[in-house]
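Residue numbers (the UniProt record's numbering), protein chains in the order written: chain A, 1 to 260; chain B, 1 to 293; chain C, 1 to 370; chain D, 1 to 449; chain E, 1 to 261.
Treat the hints as calculated values from the structure; they're not laboratory data.
Computed from a predicted structure; not experimentally measured.
Positions of the beta carbon are idealized from the N, C-alpha and C atoms, including for glycine.
A hint or two may mislead.
Unchecked claim - Selected chain C positions facing chain B (in silico; Cβ < 7 Å): (1) PRO105; (2) ILE106; (3) SER137; (4) ASN317; (5) GLY324.
Unchecked claim - According to the in silico footprint, chain D covers these stretches of chain C (three or more CB under 8 Å from chain D): (6) 162–174; (7) 203–211; (8) 249–263.
Stated by the list, open to error - Once the Cα atoms are required to be at most 25 Å apart in a straight line, the calculated BS3-like pairs of lysine-lysine come out as: (9) D:LYS304 to D:LYS285; (10) D:LYS438 to D:LYS76; (11) A:LYS23 to E:LYS139; (12) B:LYS30 to C:LYS168; (13) D:LYS374 to D:LYS303; (14) D:LYS438 to C:LYS168; (15) D:LYS129 to C:LYS168; (16) D:LYS386 to D:LYS348; (17) C:LYS168 to D:LYS436.
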Amino acid sequence: MSASSAGPILELRDVSLSFKGVKALNALSFAVARGEICALIGPNGAGKSSLLNIINGVYRADEGEVVFDGAPFRRIRPLEAARRGIGRTFQHNALFKRLSVIDNVLAGLTRHSRTTLVEHAFGLPRDLAESRALRARAEDIIEHLELTPHRGTVVSTLPYGVQKRVDLARALVGRPSLLLLDEPMAGMNQDEKRQMSRFVTEANAVLGATVVLIEHDIGVVMDLSHHVVVLDYGRKVGDGTPRQVRNDPDVIAAYLGTVH
Amino acid sequence: MAFLIETLIGGLLSGVMYALVAIGFVLIYKASGVFNFAQGAMVLCAALTFVTLRDQGLAFWFAALVTLAIMVVLAIAVERVVLRPLMNQSQITLFMATLGLSFVIEGMSQLVMGASVHELDLGIVDTPVEVGPILVSQFDLVAAAAAGILVLALSVFFNVTRIGISLRAIADDPQAALSIGIRLQRLWRIVWGVAGFVALVAGLLWGSRQGVQFSLTFVVLKALPVLIIGGFTSIAGAIVGGLIVGAADALAEIYVGPLLGGSVSTWFVYVLAVAFLLIRPAGLFGERAIERV
Amino acid sequence: MSSAETEAAADFVAPGAARDWRGLRRALPLGLLLAVAFVIVPLAGTDYWFNAILIPFLIMALAGLGLNLLMGYAGQASLGTGAFMATGAYATYNLLLRLPDIPLPISLVLGGLIAGAVGVVVGLPSLRIKGFYLLASTLAAQFLLEWIFNQYGWFSNYSTSSSISAPKLAILGQDLSSPVGRYLMTLTAVVAIAAVAARLVKSQTGRAWSAVRDMDTAAAVIGVPVARSKLSAFFVGAAVCGVAGALWAFAYLGTVDARSFGLDRSFQVMFIIIVGGMGSIAGNFIGSAFIVLLPILLSQVSDRLFGGTVDAGQLANLQRIAFGALIIWFLIKEPAGLAALAERGWRRLRPSGTAGPERGSRPGNTGKIF
Amino acid sequence: MNILRQRIRRAAALFAVAAGVGAALPAAADDAKQQYFPLATFRVGAYASSGIPVWAGTIDYLRYINEVEGGINGVKLFWDECETEWAVEKGVECYERVKGGKNGSPVPIFLPHGDPITKALTEKSVADKIPLVTIAHGRTEAIDGRVFPYSFPAVFTFWSEASSAINFIAERAGGKDKLKGLKIATVYHDSPYGKETQTPLALLAKTYGFEDIQIPVPHPGNDQSAQWARIRQLKPDWVFLRGWGVMTPVAIKTAAKVGFPVDRIIGGVWSGSEEDVRPAGKVGKGYLAITPFPAGADFEILKKIKEHIVDKGKSDLKDLKSFGSVYYNSGVNEAIIAVEAIRTAQKKFGARPINGEEGQWGLENLNLDDARLKEIGAYGLQQPLKLSVRDHEGGGAGKVLQWDGEAWAIVSDGWVKSDRELLLPLIYERAAAYAKEKRITPRPDPTSN
Amino acid sequence: MAAAPFLEVDDIEATYEDVILALRGVSLRVEEGAIVALLGANGAGKTTTLKAISNLLASERGALTRGSVIWKGRSTARLDPAELVARGIVQVLEGRRVFPQLTVEENLLTGGYLRRPSRAEVGNDLARIYTWFPRLKEKRRIRAGLTSGGEQQMIAIGRALMTRPTLVLLDEPSMGLAPIIVQEIFEIIRTLNEDEGVSFLLAEQNAALVLRYADHAYVLETGRLAAAGTAADLAAQGVEALYLGDAPGAAAATSSSAQQF
């Protein structure tokens, strides 16, 4: 890790983004400390997914910059972001739908592969050794996330909740230092949510990944996260510990509005 | 200089003819997301039917009407037999199905009407007109005018009529269209019927240019770069794309071909189209979707 | 190697598979098939079967394999297959002509590699565009390359007709110009390449291809080098097509000009993989059987049934209609290709489960690419 | 792979069914005493419009031989059709399907009828010893039978076509010396076929001092505005049009469009049929074409075919308008040559079905002089033809036709000969180069020395 | 309210692509003239339920595998979506789904086409829509894709009203909209209900909001019915606790909305 390991692992400085004139993010700034679980909350359309997309390079910020691990950038290629250790899961299912669970997870290890096409084509010793090693890592994660019964199944045929776990496994297997989770618990029932929360906590505590997650279930957010950032229409309306945020009048106003 | 202008004008006029074929693609692609490779076969089918009817002694308008009726029947059959069972399949599957369809249409047309070459005389005089030093083909002018009228008619159709607006709605969002009671399948039949009509016009003009025979189906190849440049979903794009392709094709043949020692028009416009694509990945007028993850 | 993995690698024999009991059961039919193809068929086949059916069937299956790697596995649609085949044929021809000391198999491989390099160039637009637009852009390469080979006499050694013709086919002094020889040469090339391809698609490279195909944004985000994967798929796909083209020229027709590798050929190969099944190695053979053999079958059957009684021209038209209708029918019946259909049928025949749940549950819409 | 095996098994079963169907039909018992003569036709696809009259001409002549003359010296002909769609691999498949003969009757001669198919079959035919007769197409250097023993680009090669066209221009100009300074543009189909005349035209231009302009038209040629704009700019005295398919009518129409006089365009063999000119409509009037297959129904043999076949409803032709057309007559011509070659072979080998090797002998000893042509009734329709090992072409002359809006009229002074003496050395040189490349040892010419 | 059954959904089960079971035995009813709320977390099956009613499942490779939907005493099983619209049920899809390339007015017009109305009728209908949504009148010539989220929701509702429905299925009307706009939309819904007698079945996550407008409510949880009752009862029970505080969820639908603390 870089010299800046004392500072925040991720910092956003005045990041703005708009689509066809509509502002999705408006001069947004906040920091994520190394080792924490940070939750992004806010109504749909608040710009949460866009934010994750900027952090790992799917979108380019119109203004402002992102500092990851001490290195600032405005635009990073997704591949480069992955190489630097930013992992990611997706809100809508973005698994490789025709591949099996193990193959999806193995695909998450691509950047750790050092062998070449020719070695793959002819099954040369280096390839065999490497694929054994990679497979062991993948099996490890699969076991860890309790996906073993599904390991050979084509993912598109799996239940939604399991697919979400595969997505997490695929992101985790590459040992990211920063893990971005986009609604990891959407569409899950209570048990599944509890299970997923446990996995996220373990990823954070055991594997040492800093986690930024988007979640709507406030109960989950409050239990799970160390830090909450509230977004509303591209602006930050709250930033602090769960307790602070819960009692923040701005947050209450923005969220509950005139309804209550 | 006069020669350059003459070549350019000739090219632009040919371009209108390409656009005419491209419009048939655009119509169907817009409304049903199908890249209809059978458009060429439809052009052949329409022209062949028309000529055969004319050879039987039918009057021009009557023959055109009967042909149109046949094209509509074809459209209904295609919707029922091909599109409906393949609903929700991938675009490439649908594309391949239209290739199969083109075999069927070609085979049927020739089975019923024979494979001989027919002359198609639309009664358009084809002596060149001299405008100063520049020679312009009357036929091409008439063809361009016909294409222009067709485009005008289509844009009125799409902007004013109930069916036209519904078709644009379907192009934008088929499920939303379904949700408010627009009958997708009926409109598909209509749009294939309209594409049949466009095929008839294209078939008549191309047929009178080169005779009605199997090679009419090849006009598709000239329409593809038009689509790439203009975008698959825009009629205006098809026209502009057609003009660009026509002009580029003619100029390249005159000025680039001799440099390379041969005819370049099989590929030049395609390479040009790719160059366009690299700058505008969804064509000049095509909408680029933002990818959501 | 675990049993499940062997099973996942089931389409072809993988090293170590034989150790596994289930692997053996899967490998055995394949071994038998190869034995028949290499031993029985050469003894039993007639010239007609070799020259008109088996050789083109194998070569078109190989071309299908090339396109399938590119389109079925890596999701990059291409109509440049004919151009890749032409490149392979002309490259091999010139290697044999200009460097006569290189043995035939090596020239074939080198010709394929040259086609692969051309494929990479053709694939460059894929870094910017996808879907039909990409498909259409490959047409530029298709027409341009066809034109180049036709236009510049150097490629055909200034033969009057710009066509190239096969040199003496011989490997290690063994003359292969007889029908059986050409069949065996083709079969060997096809089996070897298919075996490599089967390895490749199960490797990290193949996984990266599939990742790019299924969801390229997600692939990039999790660290799959998308651009490199696309180009490597173009390279491998075009190289395989290139070898197929060279075989088409030398082992099948003997003489070709660039028009033999026109757009129609590209479409034909695409038919093969769509009818056979995208993302399936066996599918190429099934698709090739469909595309190459069906018209012959139709023509033979109709000749025997109606020959002389129905007008020959009408008969030919009817065959064309039947062929088109069958394509549509199969697409409706099984959009994922005949391979999926056959697989289902196979499972039904053997319900006692050599096929575990992972193979059993392949979803029906696997043909989707854009 | 199991699937594959299963699939193959199923395919094999289907083929077995197909074969069974075939076997179920009674084979003609005396087939072995008849002469098999398979036909690789093209009645669908892009070139069906030319294929249909060609094969009608061939089939009608064969029927005439069978029904009126009782076969060739009593040996009747029978045939199968195999559809090629003019596509190479289908052509090869057909060839392979029929080459073994049928029910014991061998194949004497095969008519590939397509330039690409011919090239694909060149070597196979040597291995199988089946002569290919390719009138007005095929490799020009195959004239040299020492290198190409089984290829017969008989009557009129592309080189002869080009040379005859130039000689016709000379005829019109008033002598070969008048060619000097003329501009002659060749508008050609941009394919191996189209480019084949570049070499002889360059040589002829050098010899006679005319300016040789080459203008390619890409396949299929349905838009030629740019090419003809160039013609208008260059103002050639004559245009030699070497088209194929749709390219010809479009060329004629476009020529009219740019104001180039149509009676200064000479079409080549494959630009010179009714099917080529008719779609051009009125503007085609005055268009010229050089051909070895003069159109017309007045030739003796056509009258006989009309009487015995067409009028009795036995013709293969559905559209009787095509009777006596260029393509129909070309089919008749091909059939005449094949039949006469078989007849010649029978003289040596006996009146029985002959095989390919014997067919080759028949062809190489074919001598259709005026007397024999008159006997057949083909005088004027077919030029005198004498083939030999060194000369698989034989004739090398064409007639020039002019379109009057309805039909062709012959306007040349009889057969316009090509400068074969000038071209042959170059052709032999090329054949020798081919032999060297393919490591073929030319067979000796029995008639020389 | 009359006992005559208006919409009755009985024990339905729905799947997508033959694999994913999205609904398991959901039953509900809508009386004529009522506003009924369908509550549930993201992915609980609300959208699927609405699409099962409007027969739009087929367009997403989904299907009803069990149970029945009875509309005015008739099963809807064999009716295609257009016929259902003709019989008075129209759905406003989640996420608004206006036709972005069409103008605001053209968007509204598409809703009227099924009835093949006369020019005068169309004019009347348009005028009525514009009185409910005066903002749309100002923007009638603007392409719908360029209007704001709130306006798009109004277009979508207005477009549906052009079909002259008796029952509107409204999927997540509050999604992604600022609270003030949401309130405006709900007020219009109430007006429509009271003045025009249009019934509504509203799928919403924002329970507190919707229960203030609805008569009855059903709560879905992972594709099953978790609770039902009058809006007042459910509000009194603190329905949030039922599914929001530690909310369950399910299935493949993709919406979400503001959450309650």
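### Message
Which constraints among the numbered hints does this structure fail? Numbers only, ascending.
### Response
Violated hints: 1, 2, 7, 9, 10 and 12; rest satisfied.
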